[in-house]
Amino acid sequence: MQRIITTPAGDARLHWFRAEAPRAVLLLGHGAGGGIEAPDLQALAAALPTAGVTVVLAEQPWRVAGRKLAPAPKILDAGWPAQFAAAAEEGLPVFAGGRSAGARVACRTSAGLGAAGVLALAFPLHPPGRPEKSRAGELLETGLPTLVVQGGADTFGAPEEFPALPDTHRLVEVPYGSHAFKVPKKAPLGQDEALALITGAVAGWL
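Take any residue in the sequence shown, count from 1 to its spot, add 707: that is its number in our numbering.
Don't read these hints as lab results, they were simulated from the structure. It is possible that some hints are incorrect.
[Said to hold, decoys possible] Below, in silico cross-link-like pairs of lysine to any residue (SDA-like), each with a Cα-Cα straight-line distance of 20 Å or less:
(1) Lys889 to Lys781
(2) Lys781 to Val771
(3) Lys781 to Ala818
Keep in mind that this is a model prediction, so the values were computed, not measured.
My request is simple: use the sequences and hints to build the entire structure.
The following block contains the structure:
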């Protein structure tokens, strides 16, 4: 099911993957360089409904409008509350998250929106090659239970680069994974195994 949501940043399109007897909703935004077709987002949308979690993949206004570049963070944040409110209409706990830029939006806004927790997929800890431009504060200050799933070879921040996380936070590494969670063909971990690791970790955390 798809639904258009009007936001201050333009119209967003929500794609619903419903559980038969849901106990929670997971709302996920995509990154700045792609859309909801990202393999990790699609894997979660396929796997979690069987575990009792309705998944909502949020196609952001800039993508719906056909633009190739994401707007400034404040515009991304402005469009998120209306999407969260639509997910909350189910009357269930809503966990908010996303991949890369979508994870940053969720980290910055979730506490104020009343989310039950934050899922940060491939959190961009810093721009590639610029570790001094850390965005760790956004992640550390979510104020909510937070799961970080990070590729072991992510150029935006490998797991060992992250600061000590508070007790409310958990970090799961996808060995050999890139920022897109792609693993090399020669890696002992296959691509399907990498995606299964992600979906299993998220399902267990939820």
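Hint check results:
{"no.": "1", "hint": "Lys889 to Lys781", "in the structure": "violated, 29 Å"}
{"no.": "2", "hint": "Lys781 to Val771", "in the structure": "holds, 18 Å"}
{"no.": "3", "hint": "Lys781 to Ala818", "in the structure": "holds, 16 Å"}
Checked against the numbered hints above, the structure breaks only hint 1 and satisfies the rest.
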